[in-house]
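> The lines below spell out each chain.
There are 2 protein chains.
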Amino acid sequence: MTISMYQASIPVLTKVLGNLAGILEKAEAHAVTKKIDPAVFIQARLYPDMYPLVRQIQIATDVAKGGAARLAGQTPPPYADTETSFTELQTRIAKTIAFLQTFTPGQIDGSEENTVTLPVGGREKTFAGLLYLLEFVLPNVYFHTTTAYAILRHGGVDLGKADFLGSH
Amino acid sequence: MTISMYQASIPVLTKVLGNLAGILEKAEAHAVTKKIDPAVFIQARLYPDMYPLVRQIQIATDVAKGGAARLAGQTPPPYADTETSFTELQTRIAKTIAFLQTFTPGQIDGSEENTVTLPVGGREKTFAGLLYLLEFVLPNVYFHTTTAYAILRHGGVDLGKADFLGSH
Numbered sequence: 285m286t287i288s289m290y291q292a293s294i295p296v297l298t299k300v301l302g303n304l305a306g307i308l309e310k311a312e313a314h315a316v317t318k319k320i321d322p323a324v325f326i327q328a329r330l331y332p333d334m335y336p337l338v339r340q341i342q343i344a345t346d347v348a349k350g351g352a353a354r355l356a357g358q359t360p361p362p363y364a365d366t367e368t369s370f371t372e373l374q375t376r377i378a379k380t381i382a383f384l385q386t387f388t389p390g391q392i393d394g395s396e397e398n399t400v401t402l403p404v405g406g407r408e409k410t411f412a413g414l415l416y417l418l419e420f421v422l423p424n425v426y427f428h429t430t431t432a433y434a435i436l437r438h439g440g441v442d443l444g445k446a447d448f449l450g451s452h
Numbered sequence: 285m286t287i288s289m290y291q292a293s294i295p296v297l298t299k300v301l302g303n304l305a306g307i308l309e310k311a312e313a314h315a316v317t318k319k320i321d322p323a324v325f326i327q328a329r330l331y332p333d334m335y336p337l338v339r340q341i342q343i344a345t346d347v348a349k350g351g352a353a354r355l356a357g358q359t360p361p362p363y364a365d366t367e368t369s370f371t372e373l374q375t376r377i378a379k380t381i382a383f384l385q386t387f388t389p390g391q392i393d394g395s396e397e398n399t400v401t402l403p404v405g406g407r408e409k410t411f412a413g414l415l416y417l418l419e420f421v422l423p424n425v426y427f428h429t430t431t432a433y434a435i436l437r438h439g440g441v442d443l444g445k446a447d448f449l450g451s452h
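Respectively, the protein sequence lines represent chains A and B.
In terms of this note's numbering, the first sequence opens at residue 285 and continues consecutively.
In terms of this note's numbering, the second sequence opens at residue 285 and continues consecutively.
All clues given are correct.
Note: identical chains are not told apart, hence a pair may lie in one copy or across any two.
Here are the simulated lysine-lysine pairs, DSSO-like style, with alpha carbons at most 30 Å apart:
1. Lys409 - Lys310
2. Lys318 - Lys445
3. Lys409 - Lys445
4. Lys379 - Lys445
5. Lys379 - Lys409
6. Lys409 - Lys299
7. Lys379 - Lys310
8. Lys379 - Lys318
9. Lys319 - Lys445
10. Lys379 - Lys319
I should point out that these hints are in silico values taken from the structure, not numbers from a laboratory.
Work out the full structure, taking the sequences as your base and the hints as a guide.
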């Protein structure tokens, strides 16, 4: 018995991004209730040289769409990175989930030994498909989605780990 | 071609915890340089009802050791949760990595359909091994290690995402 690259990628990424959408819904509701300008949350960050919430979500979705596309041997579709509202961030997340769901197991399975090349920090990096998924895509997506959660939690939004992990 | 439960768990968890140890080394060095009482970082948190750094690391290591043990059909060894210094946190992380490395592929592979039962939030939850790994163990470990990173980054420690992801 074994597991497949598809099982370890598409359903996992879909779930994380779905949970992120729920977290942002709670943040927007909190902003409305407390009469906080949503832009305050969109631009909130934990330290001056860290990325704000909007960028955390842009990167998380970029890595997820890039992960699926590259494992399937495709070039990821570009996104414009112009979101300025919760609604636009939700649209980006929904678009990413819809993109993930276009992939079939047949397109992703067997990609563990594929060579994946992508720009990282200004230079080209090459990974085997398995390490690309396990040591780049998943940790990156969790890193940026957790940081988004932490920014909102630090800003007083009432969230718990169950919002991040989702139901089981 | 497929991937194995071992590949998706032990090396991944070992790497995350090794990177966490490096992050804590930088935090301790920062405290020494800036003459900050290390206890300030150990007890730092992002919001009054969030867990402090020490607890983030205790939970990350608990989930990692529990993940390996339960996938192999073992009862996880208990840890005392008494750490009050960077040195003690490093010992806990090193002990967890050493524990992870006692497992062989033969003990973990084939566990994707095993039934795993564990206490979550005060009640017993049951997972299939695959979902336990992909939707509980890995997201939990990344959630708490990223939060540890965020606490330190928010506290002014000079860290970057490369510290979290490690080298490739």
